[in-house]
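Start from chain A and add chains B, C, D, E and F with the ligands according to the hints.
Read off the chains here:
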Amino acid sequence: MGFISTARVKSPWIMHFETGSCNGCAIEVFAALTPVYDLERFGILNTGNPKHADIMLVTGCVSFRAGRVLRNLYHQMPGPKAVVAIGVCALTGGIFHDCYNLAPGVDKVIPVDVYVPGCAARPEAIIAGTVMALDRLAGKAGPPNIAPGEPRRGLEEGRVVEIAPGNSDK
Amino acid sequence: MPGRTVIPFGPQHPVFPEPLQLRLTMEEERVIDAVPALGYMHRGIEQLAQTKDYAQNVFLMERVCGICSFMHALCYCQSVESLLGIEAPPRARFMRTIQAELGRLQSHYLWLGLVADACGFESLFMQAWRNREMIMDCQEAVSGSRVTISTCAIGGCRRDWDDGVLQELTRRLDDVERSMDAIAPVFFEDPLVKQRTVGAGIITKQEATLLGAVGPVARASGIVEDMRRLGYAAYDELDFKPVVETSCDSYARMIVRLRETFQAINLIRQALKKMPAGEVLNKWKGTPEGEAISRVEQPRGELMYYIRSNGGKNPERLRIRTPTLSNIPSLVKMLKGSRLSDVPVIALSIDSCISCTER
Amino acid sequence: MFEMLRTVMQNLFSRPATRLYPKEQREPFPSARGHIESVIENCIFCGLCQKRCPADCIVVDRAGKDWNLDPYRCIICGVCVEVCPTKAIVMSTYFRKPARMREPLTYHQEERGRPPKAKPGQDPGEAKDQM
Amino acid sequence: MIGRTIATYGISPLWVTLATVVAAPAIGGLLTGIDRKLTARLQNRVGPPIWQPFHDLVKLWSKERITVNQVQLLYVYAHLFLMIASLVGLMLGQDLLMIFFIFAFSSVSLILGGFSVRSPYSRIGSQREIMQLMAYEPVLVLMAIGIYLATGSFFVHEIITSGNPLLYSLPLVFAAYAVILVVKLRKSPFDLSTAVHHVHQEVVKGLLTEYSGPYLGLIELANWYELVFLLALGGLFWATSLWGALLAAAVLFLFQVVVDTVSARVTWAWMLKFVWTVGLGLAAINIVWLYM
Amino acid sequence: MDAWPIALAILLPVATALLAYIFRIRAARVLAVVVMAAGLMVSALALAGRGSFTYTPESVLGLPIDTLITILDLALLGYLVWIGLSMRRLSVVLLAGLQLAGLGYLEFWLRGSTPAVLPAEPAMVIDRLAVTMNLIISGVGSLVVLFALPYMDEFERRQKAMKTRQPRFFLFLLLFLGAMNGLVFSNNLLWLYFFWEATTFSSFMLITHTGAREALANGLRALWMNLLGGLAFVLALIFLARNAHIVSLRALAGWPLAGWPGWRGLPPIGSSPDLLLLPMGLLCFAAFTKAAQFPFQTWLTGAMVAPTPVSALLHSSTMVKAAVYLIIRLAPAFRGTTLGILVAVIGGFTFMAASTTAIGQANGKRVLAYSTIANLGLIIAMAGINTPQALSAALLIIIFHAISKALLFICVGTIEHGIRTRDIEEMEGLFYKMPMTTIITVVAMTSMMLPPFGVLIGKWLAIEASVRFPLLLPFVVLGSALTVVFWSKWLGRILTVSYHRKFRLEKLPLLISASMLVLAAAVVVASFGIASVFDFLAAPVVRGQFGIAGVVTPRADLATGMGEFIPWPIFLLIVLVLLAIPISFSRVKPADIRPPYLCGENAGEKPGTSFYSARDEINLTRTGNYYVTGVFGEASINRWAYPIAVGLLLLMIGVIKP
Amino acid sequence: MIDNVVPVTRETLLAEAQRLADGGQRLISATAIDQGEYLEILYHFDKDLKLTHLKLEVKPGEEVPSISRVYFCAFIPENELKDLFGINISNIVIDYQGKFFLEDEAPRTPLLKSKPPEQGDPREVAR
Ligand code: SF4
Ligand code: SF4
Ligand code: SF4
Ligand code: SF4
Ligand code: SF4
Ligand code: SF4
Ligand code: SF4
Ligand code: SF4
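Residue numbers (my numbering), protein chains in the order written: chain A, 1 to 170; chain B, 171 to 529; chain C, 530 to 660; chain D, 661 to 952; chain E, 953 to 1610; chain F, 1611 to 1737.
No lab work stands behind these hints: they were computed from the structure.
Among the hints, a few may not be true.
[What the hints assert, rightly or not] Below are the EDC-like pairs computed for lysine to aspartate or glutamate, each with C-alpha atoms no more than 20 Å apart in a straight line:
no., chain 1, residue 1, chain 2, residue 2
1, F, LYS1723, B, GLU216
2, C, LYS626, A, ASP135
3, C, LYS580, A, ASP98
4, B, LYS375, F, ASP1644
5, C, LYS580, B, ASP223
6, B, LYS483, A, ASP98
7, B, LYS483, B, GLU459
8, F, LYS1657, B, GLU377
9, F, LYS1723, B, GLU198
10, B, LYS444, B, ASP406
11, F, LYS1723, A, ASP98
12, B, LYS444, B, GLU257
13, B, LYS375, F, ASP1632
14, B, LYS483, F, ASP1644
15, F, LYS1669, B, GLU486
16, F, LYS1723, B, ASP223
17, F, LYS1660, B, ASP406
18, D, LYS933, B, GLU198
19, F, LYS1665, B, GLU486
20, B, LYS503, B, GLU197
21, B, LYS411, F, GLU1673
22, B, LYS483, C, ASP585
23, E, LYS1541, D, GLU724
24, B, LYS453, C, GLU611
Just chain A, with the same shape it has in the complex (with noise of 0.2 Å):
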């Protein structure tokens, strides 16, 4: 089992995906890949394909058509998984927390390992906290968060893909 999970944490495979915000988080995960920063180092690939990513990035607020995105994306993803919200945007709305198009928060949408805040998060926040995610991979965290009791703000069960039933860990 040890060293199952070396591997997993040693090789977290990313997708990134935009929800409606500024972008600005977004463009900071790019960054995060770039020669500088270099994800690569830890072994992290974007992979920009659910069915071969580990960790998932998500920024932005959450408007109601990408949301309903988010959730087929988590939905395609194999488990072991986890779900790194980046930005605040991502966290609770920001300072877009009253606009009408948003369920802001991802994870009202679907279960959250890690919130990176800042606006816009910096890339070493980003990589922090990807790296903490990796815990969920290896199975040593507790059960990733869903929006405690808060209005899923329009999400109804019927209208999207159905998420498959049970924990994300297998």
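For chains B, C, D, E and F with the ligands alone, coordinates are given in the frame of chain A:
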């Protein structure tokens, strides 16, 4: 007889950093129809702005988009200033110019990287973004933040710069220019890059006007259109000529942006030389009234803010017209008849950023 | 291709541009806006910061002597730092550490002059080595 | 190399097979790691550790087994087994043409795997992979023929023991092989059908889009075998000495890494044109010259 | 009694044909055809069990057979002239008329005026080559005819035919079988010519079976092209009879052109031995038309309008094989001559051009047609170079192509009735609708292009055989690489299985599933036992010609001395993979099945195939195959292929000019 | 404080837009402002850095002709107006029927201060 192919290109797609969907209908790999679907990034900022006061809105406007957040703040501040009938002090105007050009630099480098990525040229992407980090450092040095730099305020700039910052800036600009000199020829001349961009996504001059193309897209089609000629901030005191290309394709758009990066470095140097000393913020009081329009030249083209106020604490209506919004019709036109492998290059050639498109 | 060849060959024989982040941390710029912290003992609960905050993330409870901040909504604009009449809010140059929970911070002023206590969230301090 | 060992020392084919099956992934994985590290350095980055591919593989195998349909998996096994078979055939010194046919079967399995799901990206990837197959397959066969003309046999073990290094008589075929090596490894500028690691492709991950977890791991493993196979094939060109063969393989390896970093992706139409003119042309010229 | 299997092979189909035509009852027809199939197989096995022998039937019903055949021949040609007249097709009238005249000249004038100088040659020679062909005709042919029984019922239901035309259909189909058997047994060139024309005629009647306008047009095209070949045949006969006094295939083929003086001590007739090149070339030309080599390929692709059993039997596995059979028979005579090389190049060129064209085809039957043309080309090319390996390759491809292609046609016919189209684009997800047919189709396609199946091994041999022929080599290399392309495209199409759906085995008529299963089993078994197949059928032919086999079969594999093909490990791997299926299937739980990636916008009831797009509308994704018609379309290929093919033919005529 | 404002009516809008197009003006955007009982729509045009505006006043629910046949690019602001203000714009070249930015879950006509008109909600009409 070839079968039709219908695919969703986006919203989540590795070549699109932001959610945007193009429903492509293709015959083999020839695109015969492209229908954009938006709304993934729509937040409702125009409505939110009506609930925040004028000073708070500066920060909201910065977050219309994180790439050229300064431009939005600038444009918004200018429009409110014109409602109030005040002006920024001269030093602030030069500072605004320098930050605007820094923003253009990092935005263009970002784009150059992304277009290299879209061409499948990974190392070039890496080089462009490595160079961009130097400008991010400049930006952080002058403002304290990499992305949402929050230095613009109604009536001027929030904070003055000391000499250390200015020297740092000068020094780093030289580094940037040197490393850019190393990779610029790749964009200009690399046969494979040219193979991918030359002739891809042609918009003629006539089409460009009717399609409402702005910024580098228009300038690559031979239209001399640059809002900086309006002379806002300190542009009226600087010497520059809009960069115009005439081959109307993705290559031309790339070259326009590439030449603009050198132009931006030049403008910053000019501004640093001419920058006067003095106040940076004019205090203002009261509430503005009336309506005003302010336009600035963003990295992606003309940005327009329309503001109407009825004397209340909050704006009555704030309208943001962003350049990508204006370039999407051109994109739809360009995609028809292109090849699937050119879709990323063409889609990026308008430098689409959706966050401010949808606000 | 050959232009690029020269560049990549130079890269091969030069030091990588990478900042080895967790191992080496660059000093932040002096003006950097990392995160805000309350110096709660200075606070006079005037509510100015709450009024001016563009992201509505400060709630000042004058009666309970609580100063609440949602650090996961704060956009680090620094307005509150600027407006606070008693410098009860300071801007740290280090970014705020990622967290597993997002719970608002409450600074309670026990008595003027006492050191602050953060609850119930975790340490609002700066990022340290995690790897 | 090993073929010659068998030919001269009469080592049991069973041992060779076993050794190949075990050693090839180790070598292939390591080479992939070196490739990634080298690429990173060429891009002015630090890059992953050299043994990163092994972490990746173990991780992939430990993931949840999700699929789009069960049939998909069949092709993965076919691809892997046939890829191993081609390599074992090569190591056992078998008929080069037969090896190439098995190799082609292996590629076809992967293509069919891409086709087997109703995912547009996977299927576009497969279509493009077919175009790649169309590009390199004639060159491979021509290469076998050139080797026959130079040595008088299609048997790898006879080719190895046939005297002068092939490089002397087949320099242009070697060049053509270098071109199709890039095609076959799906490296830039020919990374058309799928995206290698961090590359962002308009077809997402092409024919690998729908594979995940353990199955992706198996494909990755097959890729390692493939890398070893292709490099060993390159080594044939200087098979008279072990060092020569290693050198030839190393040159090819470095060549594809550097080409990958200095080129943009091209369209498949252009690839076809290029490989059929330059690749086939080079091989053909060389072969005509052999006839004369 | 030597003759009964031969008589059975030729006369049983003819008799059954007449029965089926006269008694228009379905049950009687089915019974008769089943009995005939059994009889044919028995006779074929009986012939295969014997060594080579010759046979000269004297008379039937008191009529000398020579005379009978002459009468039938003239009647047939006369009927063809009449067809030309009634359909107002000048080319047909002219070509058939000229043949009629030529034949008359040959039969009445020449026969009367020249002394019969040849030593008595048997009218029929039954050697291993004939046995091989007979096995294909009787074995594969019978299965196709059995398949045709239920197929034609369904066909007529689809066509909403008022009155059944099946008696007519089976009349010609079965007559064809008899004629074909006659053709491969005949040593007498006049007999051979008669059977040759008889196959042309039945082919025409079957292509035009439905009477639709397109069918008539395509039938006439097939007719005139084949008649052009027939004319060349007649001319060759006349020339042979006049100048060489040869009417026997064996005599002609045994004539060693390269090493004059002649055969069995015959004195030279003309001034130069090269004179014989002319009839040889003409016969090759006749074979090219019948084998639909470029530039005559259009008749065969046009013939695909015929009901599928016709395509399976006439236009892929047997009739067109008559042409390559003739060339193989002639090959010893022109070995090593320029003519031989040219024949090889024309065949090789067709192989490449047809493979290329197949890439651009979306119509399943046309793909099969082009693939057939390509394989015929390859066989002709191998016959042209005529080395031991080449001949072995040609024979292997004949055998395996016949089985695989007949199977493929049967499959496509069944698919067409199942999904009402033969468009490859529409065959997506076929596995749901017709799982069994799909699997068998997959086996058939795999056997056409991948190891360890016979056709591919034939190609392997072909490549090794052509290594020493630089003029042929590029065609063979390109052609065999391109073959994989169009097959895998099609294969991928039908193998698409979407997510979350149940399927059921389809119900097929017994005769259809039986013929499919038997053929599929034959493909697999024969490929597995390719060494034995080779030893039994091909090796004697090769040895008969060269004294050596060229290919040895040491351990159930094929070795040429240059290389070796070992099929069994690949079989082993395939079995291994098939064993892996249940294991891996059982490990996939329903919750593991996730919809495919659609950029996150999976939508609606069909999340595997639909996505949200503009206005939140639900759209179906589709992915078309690539045909690249700009490069691989018929028009674009023909632009360069026609000039080259015509040029090559002209070159050949230039070479054979006396 | 903005000048060059040309008032138009629903009838003259297309003709005016055509006139501006012929004059080489570029359409920048269209802005709607909710004035209570009526909506004000401003079409902004630019030529050589000089702005021109067309001003149209419409009552809620009134049908406004689309100028997207004159200016193709108008389809974007017009769809926006349809989404955010519920303005009934007809004949847009690419009509998103009120689902340009907003989907079913989002509030209707969020920028309209008054209650949205009962009839003529494009998303309802589209069903
Ligand atoms: S957190 Fe701030 S910077 Fe990041 S996306 Fe949101 S608004 Fe932009
Ligand atoms: S990070 Fe930047 S480039 Fe990436 S998606 Fe976001 S905005 Fe685009
Ligand atoms: S144009 Fe792009 S980068 Fe600039 S502010 Fe808008 S969204 Fe940001
Ligand atoms: S469209 Fe223009 S304004 Fe909007 S985000 Fe992009 S660049 Fe910025
Ligand atoms: S400009 Fe827009 S599209 Fe381009 S990278 Fe930035 S956010 Fe993405
Ligand atoms: S402004 Fe300063 S003093 Fe006033 S409540 Fe806020 S923190 Fe306390
Ligand atoms: S920094 Fe800005 S957002 Fe954060 S609390 Fe202070 S005022 Fe609010
Ligand atoms: S409904 Fe869609 S996903 Fe389900 S089986 Fe049918 S096609 Fe596949």
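Results of checking the hints against the structure:
no.: 1; hint: LYS1723(F) <-> GLU216(B); verdict: 13 Å, holds
no.: 2; hint: LYS626(C) <-> ASP135(A); verdict: 16 Å, holds
no.: 3; hint: LYS580(C) <-> ASP98(A); verdict: 16 Å, holds
no.: 4; hint: LYS375(B) <-> ASP1644(F); verdict: 36 Å, violated
no.: 5; hint: LYS580(C) <-> ASP223(B); verdict: 10 Å, holds
no.: 6; hint: LYS483(B) <-> ASP98(A); verdict: 18 Å, holds
no.: 7; hint: LYS483(B) <-> GLU459(B); verdict: 10 Å, holds
no.: 8; hint: LYS1657(F) <-> GLU377(B); verdict: 15 Å, holds
no.: 9; hint: LYS1723(F) <-> GLU198(B); verdict: 49 Å, violated
no.: 10; hint: LYS444(B) <-> ASP406(B); verdict: 12 Å, holds
no.: 11; hint: LYS1723(F) <-> ASP98(A); verdict: 16 Å, holds
no.: 12; hint: LYS444(B) <-> GLU257(B); verdict: 19 Å, holds
no.: 13; hint: LYS375(B) <-> ASP1632(F); verdict: 15 Å, holds
no.: 14; hint: LYS483(B) <-> ASP1644(F); verdict: 18 Å, holds
no.: 15; hint: LYS1669(F) <-> GLU486(B); verdict: 19 Å, holds
no.: 16; hint: LYS1723(F) <-> ASP223(B); verdict: 18 Å, holds
no.: 17; hint: LYS1660(F) <-> ASP406(B); verdict: 17 Å, holds
no.: 18; hint: LYS933(D) <-> GLU198(B); verdict: 17 Å, holds
no.: 19; hint: LYS1665(F) <-> GLU486(B); verdict: 18 Å, holds
no.: 20; hint: LYS503(B) <-> GLU197(B); verdict: 17 Å, holds
no.: 21; hint: LYS411(B) <-> GLU1673(F); verdict: 45 Å, violated
no.: 22; hint: LYS483(B) <-> ASP585(C); verdict: 17 Å, holds
no.: 23; hint: LYS1541(E) <-> GLU724(D); verdict: 11 Å, holds
no.: 24; hint: LYS453(B) <-> GLU611(C); verdict: 15 Å, holds
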